[in-house]
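Enquirer: So you can see what is in the structure, the chains are spelled out below.
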Amino acid sequence: MNTETNYQVPTMADLAAKGETPDVLFWVGCAGSFDDRYKKVTIAFVKILNHVGIKFAVLGTEETCTGDPARRAGNEFLFQMQAVANIQVLDGYGIKKIVTACPHCFNTLKNEYPELGGTYEVIHHSQFLQQLINEGKVTLKGGGAFKGRRITYHDSCYLGRANKVYEAPREVLQALDADLVEMKRSRTKGLCCGAGGAQYFKEPEPGRKDINVERTEEALSTGADTIAVACPFCMTMMTDGIKNKDREDSVKVYDLAELVAQAQSL
Amino acid sequence: MAILQQILFVAALATAAWFLIRRAGLIRRAIQLGQPENRTDRPNERFSIMLRVAFGQKKMMTNLTVGLLHFVIYVGFIIVNIEVLEIVLDGILGTHRLFAPYTGALYPFLINTFEILALGVWIVCVVFLIRRFVTKVPRFQPERHREMARWPRTDAALILILEILLMTAFLTWNASDSVLREREVGHYGELSTVGTFVVSQFLMPLFANWSDAALVACERFTWWFHILGILFFAVYLTYSKHLHIVLAFPNTYFSDLKPKGEMKNMADITKEVQLALGIAQADPNETPAEPGRFGARDVRDLTWKNLMDAYSCTECGRCTAACPANITGKKLSPRKIMMDTRDRLEDIQRGWQQNGPEHDDGKTLLGDYITAEEINACTTCQACVQECPVNINPLDIILQLRRYKIMEEAQAPASWNAMFSNVENNMAPWKFSPGDRFNWADQVNP
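Quick mapping for you: the protein sequence lines, in order, are chains A and B. Here full-length UniProt numbering is used: the first residue of the first sequence is 1, the next is one more, and so on. Here full-length UniProt numbering is used: the first residue of the second sequence is 1, the next is one more, and so on.
Only chain A is shown next, with the shape it has when bound in the complex (with noise of 0.2 Å):
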């Protein structure tokens, strides 16, 4: 892992062999893991950990899903199964914080797993890279290459009205210096994406229009260039409503730490 640039993924089981335990453990998600697209944003999160020198570390290969998607779709058994053998490795390791990019494994994580015997203090990636800016640890001043561009945030559902997160994504965006602009719907508003509720695991039921386009056309309607998203699940059904409204050339879809990633040439 050590190359020049030298940016550091440990593991909790490296940290445990060295007898040390992380400030923050970074749950990846399924999608973080395993989805091409949402790789890149756990690879520019992980570079803005190492970069603002916080101690942190994953699971790796001992992490497995939340069991959200189970849940959601009605299936309590497979939920609790992963949720408890979840619980069994976090405090195995003795976790106390926790910060992951997907809203779904932030509520479920924060607001299911104490039900069930863990406990932790849950944080969404936009509180932190929030908190990071606040700080100082992490300066945007200038902006750069976002300074005056047109950005709209999508709201994710799990992170807004599930958790009422509405600002700190918020503030990381005019931290960039970005013309913030607001979707019609937005904050306690904001039209879901259609992939929660294990939606995105199936095809849609009959209808006029997938959820996905009528979000994206409404995040089209105010002229932004970039569509600033803190979900994976949000990140591919706005990415594929831009590809249906033959707009990909044109607009982009980021999460929030690539553009904090971005804006400081990590």
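It is possible that some hints are incorrect.
Pair ranges (Cβ atoms, derived) [said to hold, decoys possible]:
{"#": "1", "chain 1": "B", "residue 1": "Thr-65", "chain 2": "A", "residue 2": "Glu-135", "range": "35 to 45 Å"}
{"#": "2", "chain 1": "A", "residue 1": "Arg-150", "chain 2": "B", "residue 2": "Gln-32", "range": "54 to 64 Å"}
{"#": "3", "chain 1": "B", "residue 1": "Gln-281", "chain 2": "A", "residue 2": "Lys-164", "range": "35 to 45 Å"}
Hints listed in this document are in silico derivations from the structure and should not be mistaken for laboratory results. Even for Gly, the Cβ is constructed at its ideal location relative to N, Cα and C.
Got chain A sorted already, so can you dock chain B onto it with the hints?
Expert: Just chain B now, kept in the frame of chain A:
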């Protein structure tokens, strides 16, 4: 004559009370069909939610214009009902404007306030009829929302028209009564110092050429129409979507205080999972509990709060208008979920009345009222929960129905079954090897 009116009035009051108590009992029993759930913790927080959301109508104000219009009807309804107290006492005691001699200048002030509010209610009800039937606000239209066809549409129109008639009767009553006072006809003359009222004075010229006898008849008719209308309204409420004016208060008090994203844990399953994973040992002394039903198939499997939600729904459709599935033409409508739940409860009640309390019509909420296609379309985005002005949670019902479909009937869309199997075997919803989960790290330092 006066004593006859008193007898008739008390009889009308008693009849309305009998129907009302009977209906309230039935609705209470219907709600109690639901499973127990504790919603009495954190009373201060609950009380504060009730004050803000029900009493203060906080969530109605997200659309300020409609919110304020609704507020006029709400305040009008509460305040004008103070006048009903006097009307009821007059009816029982055979008096006329009982409070007037004792309240002096306060009396015309109060009646003037009631009249202004009555006029406000009248105007807003007309505006609401126009919105529903002329400018056709989309969320009310049966062409777009099949659950709004027939009875719900009639119900909404009846409520608004009845309110307009009641307010018209109240103002006409005051106007004819004022003319009778001015003419000092019979006992009306005893209150001649009360004067005329701020709104109804403009109706008085209509009666200029009426005979005293015709005026008395008009005064009596409008008085009776108004109070009988209110009694009818009170009973009708219990059959109507309009029950929200009562249930909004308890329904917000018993709101879900958890974060919206948190799904209810199924404790029965936790026990089994812990046994399966060897975390807990089976207690040999414990007799295994009769396995309950996983998820909900019918209203009896839902919680009492889900059922109270159903009776609190006024079918405004803010949930459905915000639902991404509904917006894009899927069959799911959160409002229909609530209406179906209530219809199911009403059908069960009808069964009780016709065939005794043990009657089972063989129908179920999932299947006969709500289809798998509807619940499968939900993205669990919580927009419906967010939008509801009285904190109804349609999502909670949808998720319980899904649990039944998956865990009891094992009927999932094929690709969900594939996802389940991937999570179970590959530890991710996709068919990747778990051993490759950390391969992304190889790309960190290109």
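Enquirer: Next, verify each hint and record whether it holds.
Expert: These are the hints, each one checked on the structure:
no., hint, verdict
1, B:Thr-65 <-> A:Glu-135: 35 to 45 Å, "43 Å, holds"
2, A:Arg-150 <-> B:Gln-32: 54 to 64 Å, "56 Å, holds"
3, B:Gln-281 <-> A:Lys-164: 35 to 45 Å, "40 Å, holds"
Consistency with the previously given hints is maintained throughout, with no hint failing.
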